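Chemist: Protein chains in written order, with my numbering: chain A, 1 to 246; chain B, 247 to 715.
Simulated from the structure, these hints should not be mistaken for lab results.
Every value quoted in this text rests on a predicted model; they were computed, and no experiment measured them.
By construction, the Cβ of each residue, glycine as well, lies at the ideal position given by its N, Cα and C atoms.
Straight-line Cα separation of at most 27 Å, DSSO-like style, residue types lysine-lysine; simulated pairs:
hint, chain 1, residue 1, chain 2, residue 2
1, A, K205, A, K161
2, A, K79, A, K192
3, A, K119, A, K163
4, A, K119, B, K692
5, A, K205, A, K242
6, A, K120, B, K692
7, B, K656, B, K692
8, A, K161, A, K119
9, A, K114, B, K692
Sample of chain B residues facing chain A (criterion: CB under 8 Å; computed from the structure):
hint, residue
10, D662
11, F666
12, G685
13, A687
14, D688
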Amino acid sequence: MELLRIEHLSAGIEDKELLHSVSLTVGSGETHVLMGPNGAGKSTLGYTVMGSPEYHVTGGKIFFEGADITDESADRRAKRGIFLSFQNPIEIPGLSLSDFLRNALEQVTGRRIKLWDFKKQLRDAMDVLQMDPVYAERELNVGFSGGEKKKAEILQLLMLKPKLAILDETDSGLDVDAVRTVSAGIAAYRAKCGGSLLIITHNTKILEALDVDRTHIIADGRITAEGGAELITEINRCGFEKYTEN
Amino acid sequence: MKQKTQVADIDRSLYDFRYEEDATDLLASGITPEIIREISEEKGDPDWMRDFRLHSLEIFAKSEMPPWGPSVEGLDLDNIVTYIRPKSRMNTDWNNVPENIKETFERLGIPQAERESLAGVGAQYDSELVYHNVRKEVAESGVVYTDLESAMHDPRYAEMIRTHFMKLVPPTDHKFAALHGAVWSGGSFVYVPAGVRLEIPLQSYFRLNAKGAGQFEHTLIIVEDDAYLHFIEGCSAPKYYEAGLHAGCVELYVGKRATLRYSTIENWSKNMYNLNTKRAVVAEGGRIEWVSGSFGSHVSYLYPMSILNGRGAHAEFTGITFAGAGQNLDTGAKIVHNAPETSSHIDTKSISKGGGISTFRSAVTVAEKAVGSRSSVSCESLMLDSISRSDTVPAMDIRTDKADIGHEAKIGRISDDAVFYLMSRGLDEQSARAMIVSGFADNVSKELPLEYAMEMNNLIRLEMTGSIG
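Start from the sequences, fold in the hints, and give me the full structure.
Modeler: Shown next, in the form of structure tokens:
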């Protein structure tokens with residue numbers, strides 16, 4: 001079943017158009033990979049689908065479960081079940097990870113959650129990611145290492161259980177062990193919620209544990225190639241050169 | 247029935263119908279020794295207090311308006327002081343309280359009883375009960391907690407009051423201290439004997455409501471050697487007074503190795519000029535800890551001062567100021583290091599929004615003899631839009647090179663990235679912003695008792711939705 005459909009989407013920041021008529025469809029329960037060289041528009045696509053006010057849609061439409069969400073605010077999209085794991089998660093001083101998550105969870109699900117139940121869920125999710133429980137009471141992302149921030153993003157993914165998770169370079173800057181832990185978290189999300197994934201990456205390590213349904217190559221703001229998992233192997237061998245226009 | 251001193255509102259349109267007659271009577275007369283004598287007589291002051299009032303009045307008449315800080319031009323002192331009449335009363339009918347203030351109470355969830363006592367009717371009894379419950383527990387340890395007038399007439403404390411009252415903040419300090427000396431009324435007296443450590447905090451909120459204490463209340467606290475007290479002042483709710491001026495005075499005496507923690511949340515109605523003076527003197531090894539939240543008022547001047555007079559004395563000041571539309575809040579702290587190895591730490595946050603102006607003013611003085619002293623000052627400001635203002639005015643006067651002094655200031659805005667980040671997790675924009683601001687204020691709310699911390703977060707939320715004020 002179709003979950004996300006992007007139709008001829010053009011978008012940019014200020015006056016500069018960064019995506020040119022991009023079309024892409026992600027079905028329910030599928031795992032998609034979006035690859036491309038630096039500056040190709042990968043993150044722009046992620047941010048635009050999530051509804052960042054910084055990016056302006058100049059053409060085309062975004063549909064989620066058949067509804068046109070092109071003009072919706074980010075929180076509305078989150079409530080529909082879209083999630084973006086940030087490449088550089090933002091530090092929020094004075095807001096504890098657990099207070100934040102409980103609030104977000106109540107907003108996304110639209111119902112109150114008992115503290116006891118919440119704490120249990122949180123503990124379980126932190127176990128999967130081998131996170132020290134003290135992180136729950138720490139200020140959101142403040143003073144977290146790069147790896148800890150990424151784990152905290154995946155923790156949010158496990159707790160919020162979205163229908164579609166867009167992971168923006170979640171593996172970048174992580175050591176081998178951290179990549180393994182984060183991959184385990186993503187696998188747990190797939191296993192538990194059966195949600196769809198749109199993974200933005202240069203790196204293929206994080207994909208090893210996942211069955212990739214479809215790969216999209218983006219260059220200069222355009223989708224230049226699409227294929228199955230085999231495309232990843234080819235990119236690994238030959239790079240993006242063949243898929244960039246110049 | 248207890249009479250009370252009352253001054254009229256700046257925006258008198260709400261109350262003119264109540265005061266019309268008096269106003270025409272008194273407008274021309276101004277504040278006079280005769281009126282002060284009248285107040286003094288109504289209150290049954292001892293002679294020394296009557297003389298003190300009259301002397302303060304002389305100083306008031308001679309002294310100038312403060313030459314720094316926000317303008318107090320809107321404050322028509324001649325007009326205000328002519329309204330000081332022991333016979334006028336607080337608004338006793340809840341129905342006469344303006345709609346927006348009622349609404350604030352509703353939304354803050356202040357219980358009916360408190361609202362009624364605030365308006366000065368029957369529920370005063372409820373407040374008294376709360377107070378007596380506390381007093382009974384506390385009295386067993388020899389702690390005295392009463393109103394200043396009663397203490398002044400009690401032979402056990404009369405001398406203590408006479409030797410401490412306005413000795414830390416003399417009427418010569420500034421014009422409004424002089425005014426306070428002349429017309430003060432109501433307030434608390436707390437005495438904690440040596441070695442007594444009071445685990446539960448004392449709160450002045452109910453007391454003030456119960457007695458209908460006014461805008462010139464005086465708080466005098468003496469904490470003897472090795473004792474501990476946490477005192478919470480004011481306002482778990484926005485107080486509403488008819489008057490436009492608050493010139494209270496707080497004097498705190500902290501003994502050797504004693505600790506006094508003094509927490510306040512001020513949320514005056516937004517027509518108030520809050521010209522409040524607070525001062526503590528700390529003996530050897532003692533500690534003063536201020537926790538201060540300033541939300542309300544039209545104009546505030548508030549810089550609690552700690553005088554560290556004994557070796558190793560310590561002062562800590564944690565404060566937050568939230569200036570919304572039409573507010574000019576000039577707040578900060580002063581520390582005087584007057585003995586060796588004293589230490590102080592000032593940590594403040596200020597938020598300005600909707601054109602509000604928030605100024606942080608600190609003054610750290612280190613005397614020549616205060617060798618080995620340490621002081622650190624940190625202030626952070628958050629401006630929520632481009633029409634608001636935030637200023638930092640740190641002053642330092644260091645008379646010894648054997649001291650360790652640090653200062654840090656940061657001014658910032660809410661980042662769009664942070665708002666988007668929280669929104670991408672399902673929080674609507676307003677909640678996302680409120681959450682960021684609450685987080686910014688977290689260092690203060692952490693220091694407050696739970697119910698006050700919740701209150702403060704409620705206030706922030708209210709301010710952020712922009713529906714009051």
